[in-house]
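*Asks:* From first to last, the protein sequence lines are chains A, B and C. When we follow full-length UniProt numbering, the leftmost residue of the first sequence carries the number 1, and every step to the right adds one. When we follow full-length UniProt numbering, the leftmost residue of the second sequence carries the number 1, and every step to the right adds one. When we follow full-length UniProt numbering, the leftmost residue of the third sequence carries the number 1, and every step to the right adds one.
It is worth saying that the hints were derived from the structure and are not from the lab. Among these hints, one or two may not hold up.
[Claimed, not checked] Selected chain C positions facing chain A (in silico; Cβ < 7 Å): (1) 40; (2) 44; (3) 48; (4) 49; (5) 103; (6) 105; (7) 346; (8) 355.
Just so you know, even glycine gets a beta-carbon here, dropped at the ideal spot from N, CA and C.
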Amino acid sequence: MDELLYGVAYYDEYMPCERLDEDIRMMKEAGINLVRIAESTWSTHEPQNGVFDFSSVDRVLDAMHEAGIRVIVGTPTYAVPTWMVKEHPDVLAETPDGPGRYGARQIMDIANPTYLFYAERIIRKLISRVCDHPAVIGYQVDNETKHYRTSGPNVQLRFVKYVREKFGTVERLNEAFGLAYWSNRINSWEDFPSVVGTINGSLGAEFAKFQRRLVTEFLAWQTSIVNEYKRPGQFVTHNFDFEWRGYSFGVQPDVDHFEAAKALDIAGVDIYHPSQDELTGKEISFGGDSTRSLKGTNYFVLETQAQAFPNWTPYPGQLRLQAFSHLASGADMVEYWHWHSIHNSFETYWKGLLSHDLGPNPTYDEAKTIGRDFARLSPKLVHLKKRNRAAILVSNEALTALDWFPLPGGNVRYNDVVRLMYDRLYEMNVGVDVLHPGSDSFESYDLIAVPALYAASDELLARLNRFVENGGHVVYTFKSGFADENVQVRAGAQPGLIGEACGVRYNQFVEPKSVTLKGDPFGVGEEQSGVSVWMELLTPATADVLAWYDHPHWGAYAAITENRYGKGTATYVGCLPNAAVMGKVLERAVKAAGLWGADQELSFPLIVKSGTNEAGKTIRYYFNYSDEPRAFAYPHGDGTELLSDRAVRSGERIELDRWGVAIVEA
Amino acid sequence: MDELLYGVAYYDEYMPCERLDEDIRMMKEAGINLVRIAESTWSTHEPQNGVFDFSSVDRVLDAMHEAGIRVIVGTPTYAVPTWMVKEHPDVLAETPDGPGRYGARQIMDIANPTYLFYAERIIRKLISRVCDHPAVIGYQVDNETKHYRTSGPNVQLRFVKYVREKFGTVERLNEAFGLAYWSNRINSWEDFPSVVGTINGSLGAEFAKFQRRLVTEFLAWQTSIVNEYKRPGQFVTHNFDFEWRGYSFGVQPDVDHFEAAKALDIAGVDIYHPSQDELTGKEISFGGDSTRSLKGTNYFVLETQAQAFPNWTPYPGQLRLQAFSHLASGADMVEYWHWHSIHNSFETYWKGLLSHDLGPNPTYDEAKTIGRDFARLSPKLVHLKKRNRAAILVSNEALTALDWFPLPGGNVRYNDVVRLMYDRLYEMNVGVDVLHPGSDSFESYDLIAVPALYAASDELLARLNRFVENGGHVVYTFKSGFADENVQVRAGAQPGLIGEACGVRYNQFVEPKSVTLKGDPFGVGEEQSGVSVWMELLTPATADVLAWYDHPHWGAYAAITENRYGKGTATYVGCLPNAAVMGKVLERAVKAAGLWGADQELSFPLIVKSGTNEAGKTIRYYFNYSDEPRAFAYPHGDGTELLSDRAVRSGERIELDRWGVAIVEA
Amino acid sequence: MDELLYGVAYYDEYMPCERLDEDIRMMKEAGINLVRIAESTWSTHEPQNGVFDFSSVDRVLDAMHEAGIRVIVGTPTYAVPTWMVKEHPDVLAETPDGPGRYGARQIMDIANPTYLFYAERIIRKLISRVCDHPAVIGYQVDNETKHYRTSGPNVQLRFVKYVREKFGTVERLNEAFGLAYWSNRINSWEDFPSVVGTINGSLGAEFAKFQRRLVTEFLAWQTSIVNEYKRPGQFVTHNFDFEWRGYSFGVQPDVDHFEAAKALDIAGVDIYHPSQDELTGKEISFGGDSTRSLKGTNYFVLETQAQAFPNWTPYPGQLRLQAFSHLASGADMVEYWHWHSIHNSFETYWKGLLSHDLGPNPTYDEAKTIGRDFARLSPKLVHLKKRNRAAILVSNEALTALDWFPLPGGNVRYNDVVRLMYDRLYEMNVGVDVLHPGSDSFESYDLIAVPALYAASDELLARLNRFVENGGHVVYTFKSGFADENVQVRAGAQPGLIGEACGVRYNQFVEPKSVTLKGDPFGVGEEQSGVSVWMELLTPATADVLAWYDHPHWGAYAAITENRYGKGTATYVGCLPNAAVMGKVLERAVKAAGLWGADQELSFPLIVKSGTNEAGKTIRYYFNYSDEPRAFAYPHGDGTELLSDRAVRSGERIELDRWGVAIVEA
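Please put together the full structure from these sequences, using the hints given.
*Replies:* Shown next, in the form of structure tokens:
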């Protein structure tokens, strides 16, 4: 698209009264130029098997077109109608908890052919009807697709074939997964048990990978159908989402975003995050970096919060701050879920831009200022190009493997380690791309952060070694390299191949109790020097020791090391340190990689994000993520602050309101 | 009945040895003049299908009659025999957890015709046998009846018909419940899914209402059978119970007590409550006010605790205090569950008046003094008439709706708000009746407290507005008026129609963090001024603001308001305040309603309850709910302290022992 | 066996590469002279139904024999192969949670004849093949056998027959279990319901006893098969385990160890325990005393930890301390689970003597010193004979009954009371045997500690009275004697028959809140004088009161009493006291019983254990269970410290390193 899109999810079908004209009037007033429709309302559009009623789609398309508002049409396949379940109860996914129960969305078996038959039919009916409508700019296939833990007999059967395809013989399978243990050997393919009850982490992790592949296949299948109808200029996107911990926290366990995004034209995402005093911009940044990295270019925020929950109702200024933060990560669209708060059912307290009274309110009033600024600044802000020299490597496989072999206590999981690293880079204003094990672009970066890469092939570890050898900088945490791609622990010295680049070895690990880093080596203060959850008893081979453990018995071992290897350096963090220590370790690596600049002299809550606009100029966003006004000396070349349309000189002091934004083009 | 009844539940069938004569001897010594029998022992009375053995009933009736002890016979239908379940496993209720398992009581499907067939037969056999026995004064139908979450196919089918009867068309149903959401529309009655998995709060709440109707019908059906045998002078009662939080806490979610009580002659109830240092009398008062209000007259306490749990074993004096507290709320009966502690099975540690040794013990010894006083004072204390000018409005519908749309954190539920208001009125010695949405007597009161009336029809809200307009005083809490009777949030300004009487509007609400009421407006101290869990951002229209929020961003909004409307006032509490603040708000309303008198100058732990006896004299009970002796100046006209049979002059100082009681007739 | 066995569980089948020669080389270096094999790997040995492959057994036996390492062969029956479950899904135990799922070990129905058929076949095939191999010294039948909650229809049916056999008539059953309660009477055997849903504690406890009998029968059946092949000199053992609370905590609820051990030649056990700063030796001692008592002689520690969990990785010295502690309790074998850490599946982080890298590590290096010392000192340390004069009486029946009728709060269960007593005796270096209700050797002891003997027959209580009468000393805790063998609470005064010996009575009990023992009667300090969880309101008849409660209302009652009865004394602890108070009460009894000697002048963390070796000399182990060096004056006759091979004179000061050991032969 050629302009910034400011949108809302719109549900004419949910309205308690006739509102279309009034809604469009209020949307226009708020600068809304996009709506997404239809993705949740199959039972309205196909009220009975084979009976179709797209009247609400038609009238919304016509009215939006007349108002100049663009429309994304979603395929309504993630929530199945009552008639389908009544006719074919087995469209519901059988999960480890048993057969499904009708009620919620996202409860069907995405591998069930009955479901697929009906899904294909409604997709063809809907898309063929709307594809020529001038309001339609693109399509969203399904919504927040996952595998919903589907694991019934049909899925088990396909999994057996998938495993046979992969391993060829039961002997190789038994060996790779260690199935001799507790008499789990599968000595004939017919004996393959349902893996629902398995206690073998390798088998369980492989099944999770297979389930993620079902998602990839499902989305590719939907996209291929929609592509048959897609007009030139239209796009297909999908609304990915993240590991949910009450908000968008980290890598999605149930979908391989990189694989699944391949079929799409544009990557889309929903990003939800804490607000009020807990608003930090971290999720906006992480979600944006992750989604931008899927296809290496701009992306859509297909859903984000307007008022949402009572504890997220934004303070004055926060809605603006959030909107521009999305743009600063490379989003070309900010779309709220949703326009109007819903009066019944499950998400009644997940509020939209309008409250239940459907009139103006302070959040809506603030949206009006955003709509105005988006429209005015669109030519300068759309299609922001970013070129980051740092990256973080994330892995679905490592995540699943660590869920099978959790850290003690169960509170620190894979994504906590990811965020421990990511958030520190964010706080020091280091722009980051997100890599995955299949990425072939390691060499484009100077620094790669590698959190808890627990399950990884020798090939991947060798590539990382090569990256260092060639002059790259890597910071690893504990657990990296421990197991191979089959979640088989390596039988040699730990941490596997990367031990070479890191210059370190260990064969014992313990749970720290009252352990600190000896002598506060990073100067963060004794109270920040604690080690928790996990510690490996490192013996440096060639590495320099950055920190030793302080403990009566484990004091002989290193905690954090750094090793020159080829032209680069590899840092190894053998324990879970405090955030402050992790920040210092990464700061050291950022400096070694030559990435420390003027933006790094500022730090959270003062956040800087930058990129290049279509005119080739540098756009720098300055965000104040705090409840106090803040100021800073603008360190770059003379430019223009776009929101105020005011010249800014190098070195000039820029003042930011609490939760304030400035955008400098230079 | 013509006298105070002091009773015990008696289970000859549970005795480990022949004890009837000795039990009766000990009962007489304790002044016990009533026993309830037979309600739990179907398998004894019908040991095999169609084989009856009422010998234990016969011998107990005869022996009791001879001893002058009256008997209530319970229908034994709430615990089914093994033979029935073995023959017909489907008599067990299918619940959301699956098919039932034999073992406990209250596990059958009260809508199952097989169960109903056997239930009717045992009722007719038992009641026809005992109805002419001179010991029998009345009947208890079933016991603590609820719907036991029955929700199998037969119940689902009846629910569909019930919904169709109510809404007529699927279109009206879909609209009222907002079923378009997440593709939940039901476009043909045949498609109606089991609601067990529903995520639609309107549908779920309607099913809960339907389940409560099953209870009403079941009890009316049992009563109609017993009525065929009932002699003149005999009564039918039922033992209702409350929301159980380890004790009788609040409104029963699963039964509409008001509807279910219509078929009965006398309302009965069980009331269990904390004891020892936690004894406050609040549950006795709340349970009593609730039950008295069912039929607007005296009621039976069919079960209450003797020793019960280890942590409830009463301190010396407490059993007496409790017994007279029941009378003070209008009870004509105090009956212990149960006579003797049981030696096996599930409630072994729920002890009776006798311990397992079946001999005297300190609790039993104290009961003897109660029995003596009851017998002596019965003519003065029986049939106490109460005429309260304050009321509290409770609603099963609001309770269920708030369970579907819970307050943040999940710790504060409907009954917590009910008790937050009720307990404050109790502490200031304001007598209270309990109203329900169907009550037609609002105008008999000067003050109505309305906790969290979340789901309510326009008609009900209009009636409340009218009550204020005509000079009444209402105190509402947050969430009142928010949704209609179908749990559909109102699409207009909040709090719906009552916003008019309250002179206030809001369309945003947040979760308070570090929020207080600005400037301690009620003088309760800063540390008591906190706001928790919920706050609505109120904008006063015509209302006076009693309290503003103290918060950097929400300080512009009102927290508690008061509005003159017609001849009355409406107070709106838009947040969850501390108990002290709620007390002050209610005190202000009590004074405005002209209900502040001499009794309000005393306060908890000094509790005053009053009423009029059959001689037309005023009876005033004074209770010391504390472990310290207390005294007060008796403020009313000259009278007689009945326990000591001593004259009391107006203004005279009355001393109460710790956990002590005085009763003044004047 | 004629020498100390130092062993490891060895799984050639789990190895990721060919390692047998290297493993044996490293074993020999560590002094390992025993391996246990084959107990977990049925699917390797019978890869398809009726197809057998014992090649890994053969080659290990041959190689071990060549190396002079002895082998125990386990029957591989506790983990079933995939083919069996695929052919016969009903071999999986149906439990209260439903049908079984394949995956883990210990999931089959040990009463299922299909399972038993295949189990018998593999046992015969395996044992017949190995029995003549010179490396084989004995057999382990199954592993950590329990009943796995099996409770499907076949088990229910057998239970009915078992109950009928026991009670003869339904009338006697109904009476003994109090089934009249809540209409649970069984009036015809055909009506017997599945007890899975029962709420009757007597019935539930009887079923648990029946399930324990299934275990006894199963182990006896396996043993009888193995016995057919056993050569002279070979033995059959089993690896019992304890109640698991993250480690071996107390009496095993699901197995009657005393009954089950009868069929075996030698008792075996696994003992796992906290380590690092939490290492106390208590579990080693408790587990050892328990297992030694099963057959009244030496036993095998068939599994104990090497590195195990990250939080158990031993500090330097601890592995040695643990090994000698096992010997000091009478073990003739210390065997680690397991040799090498496993690279896949469920117990990857339960590490063996070798880490995953299969090379040396600090723990392995310490094992080498143990192996050397075991070999050198075997003639002096093997077959240590112990003769204790104190005992503790434990009861499966009391444990189960207290699970049905738990103490308030649910945190203090039967084994907590067992350990509260046991650990105090351990800390004061009093050697203890473990008795059970069926023991006929009460009279061999001077002191019996009786924790919470909640369910016990009159016969047992009378035997305990007789023991006191004849001069014995008993210390009872609260709850003892309360219910009979059918978990029917006694209808007479409490604590039943033992009230006579204890000279005390009660009929009320409460939950203590802010209750202490009045005046700190044991001089442990006020802060240690608290009473928690449970208190009985004791009235002394003939007893002396050792402690009164301090409470405004319960102060009239005794808490702890002591009574002279015949020639002995009975102490009754009517409440849950602090550990310090329990220690003082037991110290008083130990002194009264004449068991206080020089060893009692030392105390934890200085632990003394002693016995007689084959040469008739006294062996005394001194252990320092602390992280500080300690010293003491050696109080016994002149002897030799065996580890240093140094003479020790009476009165000489012996120094122990932190976590140090000394062994004096005198």
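*Asks:* Just pull the numbers of the violated hints for me, sorted ascending.
*Replies:* 4
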